[in-house]
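Asker: The listed protein sequences derive, respectively, from chains C and X. If you read the first sequence in my numbering, its first letter stands for residue 1, the second for the next number, and so on. If you read the second sequence in my numbering, its first letter stands for residue 1, the second for the next number, and so on.
Careful: at least some of the hints might be erroneous.
As the list claims (entries may be wrong) - Listed below are the simulated BS3-like cross-link pairs for lysine-lysine, each with C-alpha atoms no more than 25 Å apart in a straight line: (1) Lys48/X / Lys87/X; (2) Lys87/X / Lys355/C; (3) Lys30/X / Lys142/C; (4) Lys100/C / Lys46/X; (5) Lys30/X / Lys66/C; (6) Lys61/X / Lys30/X; (7) Lys134/C / Lys97/X; (8) Lys100/C / Lys134/C; (9) Lys134/C / Lys66/C; (10) Lys87/X / Lys142/C; (11) Lys134/C / Lys87/X; (12) Lys100/C / Lys61/X; (13) Lys100/C / Lys66/C; (14) Lys100/C / Lys48/X; (15) Lys87/X / Lys102/X; (16) Lys48/X / Lys30/X; (17) Lys196/C / Lys100/C; (18) Lys107/C / Lys90/C; (19) Lys97/X / Lys30/X; (20) Lys100/C / Lys87/X; (21) Lys132/C / Lys87/X; (22) Lys48/X / Lys134/C; (23) Lys132/C / Lys46/X; (24) Lys132/C / Lys97/X; (25) Lys90/C / Lys102/X; (26) Lys87/X / Lys97/X.
If you're looking for bench data, these hints aren't it; they were derived computationally from the structure.
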Amino acid sequence: MGARRWSIPGIAVVILAAALWITDPPVTRADPNGEKHEDEGGHAHVPAPLAYADSHVPISVWTDPKMIARGKEIYTTTCAVCHGDAGDGKGPAGLALPLKPSDFRDKAGLAEMRDNYWFWRVSEGGQVEPFKSKGSAMPPWKDVLSVEDRWAVMAYQHTFSGHQGPHVPWEHPESVQVGHDIFTMSCVACHGVQGKGDGTVGATLSPRRAPQPRDLTSSEFKLRSTPSGHLPTTADLFRTLTEGIRAEGGPLTIGLRGYRIMPSFRHMPEEQRLELLEYVKSLNKAFWARTEVKTVAIPAPPPVTAERLARGKQLYADAECLKCHGATGRRDGTPAGEELKDHLGFPIVATDLTKSARFKSGARPEDVYRTLMTGLSGTPMPSYGDSLESDQAWDLVYYVLSLSRDGGQATEVKR
Amino acid sequence: MKRLLLIAVTMVSAVGIASADEAPISGTVKSVDPAAQTVTLEATAKGKTRQVVVHLKPGGKVVRFTRSTAPGQTGFVEQAVALADLKPGWIVSAVTKHEGDKEVAELVKIVLER
Numbered sequence: 001m002g003a004r005r006w007s008i009p010g011i012a013v014v015i016l017a018a019a020l021w022i023t024d025p026p027v028t029r030a031d032p033n034g035e036k037h038e039d040e041g042g043h044a045h046v047p048a049p050l051a052y053a054d055s056h057v058p059i060s061v062w063t064d065p066k067m068i069a070r071g072k073e074i075y076t077t078t079c080a081v082c083h084g085d086a087g088d089g090k091g092p093a094g095l096a097l098p099l100k101p102s103d104f105r106d107k108a109g110l111a112e113m114r115d116n117y118w119f120w121r122v123s124e125g126g127q128v129e130p131f132k133s134k135g136s137a138m139p140p141w142k143d144v145l146s147v148e149d150r151w152a153v154m155a156y157q158h159t160f161s162g163h164q165g166p167h168v169p170w171e172h173p174e175s176v177q178v179g180h181d182i183f184t185m186s187c188v189a190c191h192g193v194q195g196k197g198d199g200t201v202g203a204t205l206s207p208r209r210a211p212q213p214r215d216l217t218s219s220e221f222k223l224r225s226t227p228s229g230h231l232p233t234t235a236d237l238f239r240t241l242t243e244g245i246r247a248e249g250g251p252l253t254i255g256l257r258g259y260r261i262m263p264s265f266r267h268m269p270e271e272q273r274l275e276l277l278e279y280v281k282s283l284n285k286a287f288w289a290r291t292e293v294k295t296v297a298i299p300a301p302p303p304v305t306a307e308r309l310a311r312g313k314q315l316y317a318d319a320e321c322l323k324c325h326g327a328t329g330r331r332d333g334t335p336a337g338e339e340l341k342d343h344l345g346f347p348i349v350a351t352d353l354t355k356s357a358r359f360k361s362g363a364r365p366e367d368v369y370r371t372l373m374t375g376l377s378g379t380p381m382p383s384y385g386d387s388l389e390s391d392q393a394w395d396l397v398y399y400v401l402s403l404s405r406d407g408g409q410a411t412e413v414k415r
Numbered sequence: 001m002k003r004l005l006l007i008a009v010t011m012v013s014a015v016g017i018a019s020a021d022e023a024p025i026s027g028t029v030k031s032v033d034p035a036a037q038t039v040t041l042e043a044t045a046k047g048k049t050r051q052v053v054v055h056l057k058p059g060g061k062v063v064r065f066t067r068s069t070a071p072g073q074t075g076f077v078e079q080a081v082a083l084a085d086l087k088p089g090w091i092v093s094a095v096t097k098h099e100g101d102k103e104v105a106e107l108v109k110i111v112l113e114r
């Protein structure tokens with residue numbers, strides 16, 4: 001009797017399930033590659049690779065009516081066939097795609113999508129990982145559309161979301177939430193909750209003297225490949241995060257290997273480091289204000305010769321390196337009573353050039369070249385980018401490295 | 001009652017198997033064989049890139065989407081294209097069905113001509 005009582009509702013449930021299955025069948029057959037097909041869309045918002053990490057869209061583009069109109073024109077002819085005229089991802093050519101085209105009306109999804117990721121996707125399409133492996137049919141547009149055209153298309157696509165302001169992290173904090181969480185766990189102790197370099201532990205690393213934890217909201221960044229006075233590239237920040245920063249600190253830095261005052265985060269997965277840097281950049285709107293990112297080119301290191309070292313020694317004197325670093329490089333050049341100070345007014349000592357393992361930005365010839373040509377912003381170390389020719393810089397690089405105990409045999413290991 | 005339940009389960013299974021035998025595929029056209037009514041696509045899924053021969057079903061069609069030229073209409077309309085007109089490098093998509101050892105499609109959509 002009990003079984004009979006339950007059989008009718010049971011059949012009803014089965015028939016209902018069947019109806020649902022027929023109207024929206026899950027695609028489960030093995031695909032032509034012999035794998036099960038996933039009908040999940042798969043729009044992984046992974047961080048943009050370093051090559052695109054600095055491709056931030058100028059803030060004004062998102063709300064510029066002219067750019068939006070230009071974007072609409074391009075979108076209508078190139079994107080709508082898959083993404084749909086309404087931006088809903090339901091264009092006639094997109095309906096049968098294994099990886100569904102983005103629905104730009106998806107406010108939450110769009111809010112998580114950073115501008116450099118978006119630009120990367122429009123530029124490279126689905127021909128890069130992880131999208132290629134997912135079977136994306138999105139074509140690359142970098143050879144078809146100019147940078148401005150791609151910005152215009154993005155600005156028009158953005159209008160489908162209904163968001164009125166610019167598409168930037170401070171309008172969409174969720175786009176850097178992962179990086180924020182990593183920052184909270186790994187960086188706040190030194191750099192402070194708001195990244196102003198005022199963490200509780202930071203000051204004790206180097207008590208009452210430089211270097212202090214970086215104020216990430218300011219524009220002073222020591223370690224850069226960009227000209228003096230410019231913000232660093234994301235790749236510069238990535239290098240610093242990965243390698244850490246060498247400097248002599250207080251007792252609390254004893255446990256940090258390789259005389260580092262900032263530890264190396266090499267152990268952190270690359271994707272997490274990139275997410276973290278997206279958050280770090282979001283603390284400084286100037287990263288969105290620069291129209292182009294210039295870097296100091298580092299030519300291939302020439303061979304070391306006795307003549308080159310001799311020229312380097314002369315340049316060392318002419319460029320007044322010995323004024324701070326001393327004739328032997330043991331930072332004994334500063335006259336008694338004349339204390340060097342950083343931009344915050346903290347006492348700072350010149351780097352001991354006889355200890356290349358402690359060079360802040362690395363001790364490979366190209367690292368020293370970069371430091372010479374870009375300077376160390378916020379410190380007394382100037383940029384020689386405007387005063388030294390490339391060949392002269394190499395002379396000086398090799399002479400500086402010759403002062404160290406290993407005779408300038410700095411290698412990759414020293415990074 | 002048991003018989004009724006058995007029939008329902010059988011129906012559901014049959015419908016499920018039938019519908020599950022379809023899968024979308026997209027890829028770059030590598031070659032076209034009009035005589036055999038096939039198009040070979042280079043398709044990637046799950047990290048693997050393979051060449052898949054898609055057989056166009058008799059009566060099946062290849063279409064591109066163009067803007068309507070009818071007055072007051074701006075949407076897309078299908079325009080039939082001969083299989084032989086597909087060019088290597090174009091991106092197409094199709095929903096294929098497994099028939100024997102063949103991937104068979106009734107409709108091949110041109111996503112991008114380049």
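Asker: With reference to the structure, classify each hint as holding or not holding.
Answerer: We went through each hint and held it up to the structure:
1. A hinted pair counts as satisfied when its Cα atoms are at most 25 Å apart, and Lys48/X with Lys87/X qualifies at roughly 23 Å.
2. In summary, the hint linking Lys87/X to Lys355/C is not supported, as the alpha carbons are separated by about 63 Å, beyond the 25 Å threshold.
3. Between Lys30/X and Lys142/C the CA atoms are separated by roughly 22 Å; this keeps the pair inside 25 Å, and the hint holds.
4. At most 25 Å may separate the alpha-carbon atoms for a hinted pair to count; Lys100/C and Lys46/X meet this at roughly 15 Å.
5. Taking the CA atoms of Lys30/X and Lys66/C, the gap is near 40 Å; set against the 25 Å cutoff, the hint is violated.
6. Using a Cα cut-off of 25 Å, the hinted pair Lys61/X and Lys30/X holds, with the two alpha carbons roughly 18 Å apart.
7. In summary, the hint linking Lys134/C to Lys97/X is supported, as the alpha carbons are separated by about 20 Å, within the 25 Å threshold.
8. At most 25 Å may separate the alpha-carbon atoms for a hinted pair to count; Lys100/C and Lys134/C meet this at roughly 11 Å.
9. For the suggested pair Lys134/C and Lys66/C, the alpha carbons sit about 35 Å apart, so the restraint of at most 25 Å is broken.
10. Note on Lys87/X and Lys142/C: the hinted pairing holds, with a Cα-Cα distance of about 21 Å set against a maximum of 25 Å.
11. The straight-line distance between the Cα atoms of Lys134/C and Lys87/X is roughly 24 Å, inside the 25 Å bound, and the hint therefore holds.
12. Straight-line distance between C-alpha atoms of Lys100/C and Lys61/X comes to about 22 Å, which keeps the hinted pair within the 25 Å bound.
13. Note on Lys100/C and Lys66/C: the hinted pairing is violated, with a Cα-Cα distance of about 29 Å set against a maximum of 25 Å.
14. Distance check on the hinted pair: Lys100/C and Lys48/X sit about 19 Å apart at the alpha-carbon level, within 25 Å; holds.
15. For a cut-off of 25 Å, the pair hint linking Lys87/X to Lys102/X stands: about 22 Å separates their Cα positions.
16. With a C-alpha separation of about 16 Å, the suggested pairing of Lys48/X with Lys30/X holds against the 25 Å cut-off.
17. A hinted pair counts as satisfied when its Cα atoms are at most 25 Å apart, and Lys196/C with Lys100/C does not qualify at roughly 42 Å.
18. Our distance criterion of 25 Å between C-alpha atoms is met by Lys107/C and Lys90/C, whose separation comes to about 16 Å.
19. Distance restraint check for Lys97/X and Lys30/X: the Cα-Cα separation of roughly 20 Å lies within the 25 Å cut-off, and the hinted pair is therefore satisfied.
20. Annotation: proposed proximity of Lys100/C to Lys87/X holds, straight-line Cα distance about 24 Å (limit 25 Å).
21. About 21 Å separates the Cα atoms of Lys132/C and Lys87/X, which keeps this hinted pair within 25 Å; it holds.
22. Note on Lys48/X and Lys134/C: the hinted pairing holds, with a Cα-Cα distance of about 9 Å set against a maximum of 25 Å.
23. Using a Cα cut-off of 25 Å, the hinted pair Lys132/C and Lys46/X holds, with the two alpha carbons roughly 9 Å apart.
24. Of the pairs offered as hints, the one joining Lys132/C and Lys97/X holds, with about 23 Å between alpha carbons and a cut-off of 25 Å not exceeded.
25. At most 25 Å may separate the alpha-carbon atoms for a hinted pair to count; Lys90/C and Lys102/X exceed this at roughly 28 Å.
26. Our distance criterion of 25 Å between C-alpha atoms is met by Lys87/X and Lys97/X, whose separation comes to about 23 Å.
This entry does not satisfy hints 2, 5, 9, 13, 17 and 25, going by the numbered hints stated previously.
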